[in-house]
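Number of protein chains: 2
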Amino acid sequence: MPIVSDNELSRRRQEIIESARVCFARHGYEGATVSRLEAATGKTRGAIFHHFKDKEELFLAIASEDAARQAEVVAEHGLIEVMRRLVRNPGSNDWFITRAEIVRKLRTDPAFEARWRDHQVVLDQAVHQRLEDNESMRDDVSVDVIQEYLTTVMEGLIIKLAAGEPASRLESILDLVEQSVRDPGAGH
Amino acid sequence: MPIVSDNELSRRRQEIIESARVCFARHGYEGATVSRLEAATGKTRGAIFHHFKDKEELFLAIASEDAARQAEVVAEHGLIEVMRRLVRNPGSNDWFITRAEIVRKLRTDPAFEARWRDHQVVLDQAVHQRLEDNESMRDDVSVDVIQEYLTTVMEGLIIKLAAGEPASRLESILDLVEQSVRDPGAGH
Chain A
1 MPIVSDNELS RRRQEIIESA RVCFARHGYE GATVSRLEAA TGKTRGAIFH HFKDKEELFL
61 AIASEDAARQ AEVVAEHGLI EVMRRLVRNP GSNDWFITRA EIVRKLRTDP AFEARWRDHQ
121 VVLDQAVHQR LEDNESMRDD VSVDVIQEYL TTVMEGLIIK LAAGEPASRL ESILDLVEQS
181 VRDPGAGH
Chain B
1 MPIVSDNELS RRRQEIIESA RVCFARHGYE GATVSRLEAA TGKTRGAIFH HFKDKEELFL
61 AIASEDAARQ AEVVAEHGLI EVMRRLVRNP GSNDWFITRA EIVRKLRTDP AFEARWRDHQ
121 VVLDQAVHQR LEDNESMRDD VSVDVIQEYL TTVMEGLIIK LAAGEPASRL ESILDLVEQS
181 VRDPGAGH
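Top to bottom, those sequences are chains A and B.
If you're matching positions, the first sequence starts at 1 in UniProt numbering and goes up one per residue.
If you're matching positions, the second sequence starts at 1 in UniProt numbering and goes up one per residue.
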C-alpha cells in the first residue's frame, strides 16, 4: 500500500473540489450525478468518496470554501464589497444557480439544512462582527436587522445574477444599499 | 358534442390553475409531471392541455395570476406592501420555491425566459408607475435604480422564505427598506 502524505491528500481533495464545482454549476445539484462527477474529476467514485462521505458533503465543502473566502472579504471590507465582487465577476454565476436549486432541499430536509447552516456560520459570524465593529454604521437599527437586510439583498442579487440579469443594472443599486446602512452623520 | 359556455370554460380553466398551483408547490416545476398534474386536477391530460398548450403555459398562467394580483396591490400601496403581505402569509411559500427552481431554466432557455418576462410585464409596469407617481419617494436616485433595488430585496425575501427562514425576522427589515427609498424631507 503506497504511503500518501497529508499534503498529497489535501492536494487531491482540492482537485476534486475544483472540478466538482464546475460539474455542479453545469448540471445543478440533482443533475450532478455520481457518473458525471466521476467524468468531471477524472476519478472513480471510490476515490471521490474516500475524501467526501457523500455527494452532499462534497457540495457543502464547495459552499464552505465560498463562505470562508467571503468571510475574509467581509472582515476587511464588509458584505457590500462581497456583493460588488459578485456583480463584477459574473463567471461565478453558474455555480450560484445551485444555491437556488437547493432551496427546496433546505426546506424539506432538516439534516441537510443543519449541515448547510454549520457551513455558513463562518460567514454569518464575520458579517456580525464587521457590523459591530464598523463605526460608520447607523445605530438606530439593531445589528441583527442590518445583517438580515444585507443578506436578503445579497440573496436577491445572487438569484437575479443566476437568472441572467445584466450585472451592470445590479451594480447600480449597491450605492443605495450602502448608504441605507450608514450613519448619516459619519464621514460626511 | 355538448355546447360549453365561455363561462363554463373559464371556470374549468380556473379550477385547473388552482389545483396545478398546489401540485407545482409540492413537487417543483420538474417534479410536477403530467401524471401528477392529472391526479391533482382530477382531469385527463387531454382536458388539461385543451386549456393550456403545454406544462410551461400552465405554469406561466399561475405565475401570471400572481403578477396581476401583486400589480393591483402595487398600484394602490406599493411594492413594499406586497412584501409585507408575503411575510405575513407564509402559506404561499411552497409555491414560491418554484421561483427558485426555474432560475436555471430562465438562464438556459431563452424562449422560456421571453415568455416569463412577458407574463411579468404587468407587475414591472405597475411598480414603475407607482414609483413615478409617488411623491414621497427620494428623487436623488432614478426610478429605474429604485425599482431594481426593491425587486432585488423582494427576490431575496422570497428565496429566504422559501428556504424556511422565519417570517418575523424578515418582516423586521421592511421598515428599513421603506425608509431607504423615501425622500427624507417628505412627511416628517
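Hints in this document: simulated from the structure, not taken from any laboratory.
Each residue gets a CB set at the ideal place from its N, CA and C atoms; glycine is no exception.
Treat the hints with care, as some may be off.
Said to hold, decoys possible - Below, computed lysine to aspartate or glutamate pairings styled on EDC-like, alpha-carbon distance capped at 16 Å:
1. B/Lys-105 with B/Asp-175
2. B/Lys-105 with A/Glu-72
3. B/Lys-55 with B/Glu-8
4. A/Lys-43 with A/Glu-65
5. A/Lys-55 with A/Glu-81
6. B/Lys-105 with B/Glu-65
7. A/Lys-105 with B/Glu-101
8. A/Lys-105 with A/Glu-38
9. A/Lys-43 with A/Asp-54
10. A/Lys-55 with A/Asp-140
11. A/Lys-105 with B/Glu-15
12. A/Lys-105 with B/Asp-54
13. B/Lys-55 with B/Asp-6
14. B/Lys-105 with A/Asp-94
15. A/Lys-55 with A/Glu-113
16. B/Lys-43 with B/Glu-15
17. B/Lys-105 with A/Glu-113
18. B/Lys-43 with B/Glu-30
Unchecked claim - Interface residues of chain B toward chain A, partial, derived using beta-carbon atoms under 7 Å:
19. Asn-7
20. Ala-111
21. Arg-117
22. Val-143
23. Val-145
24. Gly-156
Against the structure, the hints:
no.: 1; hint: B/Lys-105 with B/Asp-175; verdict: violated, 33 Å
no.: 2; hint: B/Lys-105 with A/Glu-72; verdict: violated, 32 Å
no.: 3; hint: B/Lys-55 with B/Glu-8; verdict: violated, 22 Å
no.: 4; hint: A/Lys-43 with A/Glu-65; verdict: violated, 21 Å
no.: 5; hint: A/Lys-55 with A/Glu-81; verdict: violated, 31 Å
no.: 6; hint: B/Lys-105 with B/Glu-65; verdict: violated, 20 Å
no.: 7; hint: A/Lys-105 with B/Glu-101; verdict: holds, 11 Å
no.: 8; hint: A/Lys-105 with A/Glu-38; verdict: violated, 23 Å
no.: 9; hint: A/Lys-43 with A/Asp-54; verdict: holds, 14 Å
no.: 10; hint: A/Lys-55 with A/Asp-140; verdict: violated, 44 Å
no.: 11; hint: A/Lys-105 with B/Glu-15; verdict: violated, 29 Å
no.: 12; hint: A/Lys-105 with B/Asp-54; verdict: violated, 27 Å
no.: 13; hint: B/Lys-55 with B/Asp-6; verdict: violated, 22 Å
no.: 14; hint: B/Lys-105 with A/Asp-94; verdict: holds, 12 Å
no.: 15; hint: A/Lys-55 with A/Glu-113; verdict: holds, 15 Å
no.: 16; hint: B/Lys-43 with B/Glu-15; verdict: holds, 10 Å
no.: 17; hint: B/Lys-105 with A/Glu-113; verdict: violated, 24 Å
no.: 18; hint: B/Lys-43 with B/Glu-30; verdict: violated, 19 Å
no.: 19; hint: Asn-7; verdict: violated, 37 Å
no.: 20; hint: Ala-111; verdict: violated, 13 Å
no.: 21; hint: Arg-117; verdict: violated, 11 Å
no.: 22; hint: Val-143; verdict: violated, 12 Å
no.: 23; hint: Val-145; verdict: holds, 5 Å
no.: 24; hint: Gly-156; verdict: holds, 3 Å
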